[in-house]
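Participant: Let the sequences and hints guide you as you build the complete structure.
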Amino acid sequence: MIEGARWRKWVFFYVPMALFLLFLLFPFYWMVITSVRPDGELYRPWNSINYNPFWTWKPTADHVRYLFEETLFASWLWNTTFIALASTAISLVCGVAAGYALSRLNFPFAGSLGTAIFITYLVPQTLLFIPLAEIIRNYRLGDTPWSLILTYPTFLIPFCTWIMMGYFKAVPKELEECARIDGASRWQAMLYIVIPVAIPGILSAGIFAFTLSWNEFIYALVFLSSPEQKTVPVGVTSELIRGDVFYWGPLMAGALLGSIPVAIAYSFFVEHYVAGLTGSVKG
Amino acid sequence: MGQVVLKGINKFFDGVHAVKDVNLQIRDKEFMVFVGPSGCGKTTTLRMIAGLEAISSGDISIDGNVVNELAPMDRDIAMVFQNYALYPHMTVYDNMAFGLKMRKFARSEIDKRVLEAADILGIGELLTRRPRQLSGGQRQRVALGRAIVRHPRVFLFDEPLSNLDAKLRVQMRVELKKLHLRLGTTAIYVTHDQVEAMTLGDRVVVMKDGVVQQVGEPLELYNHPSNKFVAGFIGSPAMNFAAVTVTEANGSLIAENSGLRIKLPDETAQRLRGRIGREVMLGVRPEDLTVAGGADLGHPCFDAVIEVVEQLGSEILLDMKVGESIMVASVEPTAGVSVGDKLRVAMRPSRLHVFDPQTEAAI
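Chains F and P are the protein sequences, given in the same order.
Residue numbering for the first sequence follows our numbering, starting at 1 and increasing by one per position.
Residue numbering for the second sequence follows our numbering, starting at 1 and increasing by one per position.
Bear in mind the hints are in silico, worked out from the structure with no lab data behind them.
Treat the numbers as computed from the prediction; the structure is a model and nothing was measured.
Heads up, the beta-carbon is just placed ideally off N, CA and C, and yes, glycines get one too.
Treat each hint with caution, since some may be false.
Said to hold, decoys possible - Take a look, some chain F residues computed to stay more than 12 Å from chain P by CB distance:
id, residue
1, LEU22
2, THR34
3, TRP57
4, GLU69
5, GLU70
6, ALA101
7, LEU105
8, LEU113
9, LEU141
10, THR144
11, GLU177
12, CYS178
13, LEU221
Claimed, not checked - Just a few of them, taken from the derived set where beta-carbon distance is under 7 Å, the chain F residues facing chain P:
id, residue
14, LEU175
15, ARG180
16, ALA184
17, ILE195
18, PRO196
Facilitator: Below, the structure written as structure tokens:
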């Protein structure tokens, strides 16, 4: 900050910052507080005397217990983890290879092919799930994790390819040329030099892909039907909203537990992730 | 051994003729410098020798074997890049050892060679560091070390000093020269800096627009440039040029234009006998101009008005108006001159260059 009057700092920095944080963090706060608030408080009418929506004096773990004992939440967590990891792995392998090829191998139409791949990412899933449902049915993959592991890459691979293309372009060409003069084949140069240097980019692509598949809703809703196969987003919303009855406590507890792995993934890789986004390779 | 021969090398980039029919013989143990303005094709030529760029036509051979189709790794060369191209995720030691590891050298041999190169370059303490922890000069040394450990037949340098600051550049230039004397490996060095070319090269190739203008030892280029481009490119400050008409008076030849009228010395006059009445381009280096006085009065002289005085300490650069044109003279620091002075300036008669105004070739 530039030195200036103290009130200036408050008016232009601290107050807007506080408002922004409040705006951003309130939904999370609401989620946390709802998931530990006893049902008696949750369904109390707003005009009752002791109505207090923002705080509770009697926190409870009932909703979490309900989630694990009365629903298949544990299997949903496991399903989501497995599907997200597998589809991320597939997408990363394909995306890194394709990104490398598109940015480094000078073949005809490499540029327009890159754009075309990106355009496929722009096709909305709400359209794509219809033909995909047909394919899933024909291959008898419906209601198995594979229906998602194999369909998520349809949007994850273009996404990873695009990120990796940008990242590989930022890796100086001379590094690879030097490796090839030093005696490495193109494969070796890619394996020992280019990929290690591109790790931040690969990590960012991986985190994004993991988050996208973790939170994915439409395909999971359409391709999975039995409760024990569901993922967290679909399981929570389909099993805890019955008709027009919302089980707010378990719903919010499910949402909270469902967002923790993503939060961990983000904070764990955040340094690499930021480096990946800024794409800096200092030689 | 490390003799490199280029025969009729051409390179086309998307229809642009970047390198035009280059023929060169680089001798074993020679330090050959390619110099020219940016975009002259010098780096492209180097990259074709390295195998990083395909040749459109012609042959490149190393020690008699044509290497046109060989991959870079099979040419037994080592290259130092302008941006050093150090592997950022490896330590200095691993950077230097990488080429040897790829070639499956024994661990003891790798160790021996890396330590030896680190010793030569004085980077023994840096071996466990990573490139980002090094200064520019240290990175440059590591890049050199990585080339040295390979014991290649030919070193290729692509403007290796241009990312360093001026002082370090001079220091590294001297070290490169020493290194070449010590190792005796053939070196091909690309630069746009004519001072580097003059000081480092055993021979220098001057290129422009993809065409080799002249190949020769540094002093040969300086004293006998084969055309106006080489004359203007080599030497600093650049050579002065003046368009003059050759006339004959009393049996001797006179070169004149609106602000200049000088009697040409016999040696120059002889070459211009056939061009009486025609225009030629006269060239004279700033360091061959002196403030006339005493013995110089017998030399070709002309009048000039000083427009700018640039004090360099060891010399003074004078920007002078001569008729319509500007000339630069480099004179003794003791010359008491100031802006606006009218001077009589003398040329060293043996140092006059003349060029054909159309072809720009030396006459």
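Participant: Now, for every hint given, state plainly whether the structure supports it.
Facilitator: Hint-by-hint comparison with the structure:
{"no.": "1", "hint": "LEU22", "result": "holds (40 Å)"}
{"no.": "2", "hint": "THR34", "result": "holds (46 Å)"}
{"no.": "3", "hint": "TRP57", "result": "holds (54 Å)"}
{"no.": "4", "hint": "GLU69", "result": "holds (48 Å)"}
{"no.": "5", "hint": "GLU70", "result": "holds (50 Å)"}
{"no.": "6", "hint": "ALA101", "result": "holds (19 Å)"}
{"no.": "7", "hint": "LEU105", "result": "holds (14 Å)"}
{"no.": "8", "hint": "LEU113", "result": "holds (19 Å)"}
{"no.": "9", "hint": "LEU141", "result": "holds (40 Å)"}
{"no.": "10", "hint": "THR144", "result": "holds (40 Å)"}
{"no.": "11", "hint": "GLU177", "result": "violated (5 Å)"}
{"no.": "12", "hint": "CYS178", "result": "violated (4 Å)"}
{"no.": "13", "hint": "LEU221", "result": "holds (42 Å)"}
{"no.": "14", "hint": "LEU175", "result": "holds (5 Å)"}
{"no.": "15", "hint": "ARG180", "result": "holds (5 Å)"}
{"no.": "16", "hint": "ALA184", "result": "holds (5 Å)"}
{"no.": "17", "hint": "ILE195", "result": "violated (10 Å)"}
{"no.": "18", "hint": "PRO196", "result": "holds (5 Å)"}
When held up to the earlier numbered hints, the structure conflicts with 11, 12 and 17 and fits the remainder.
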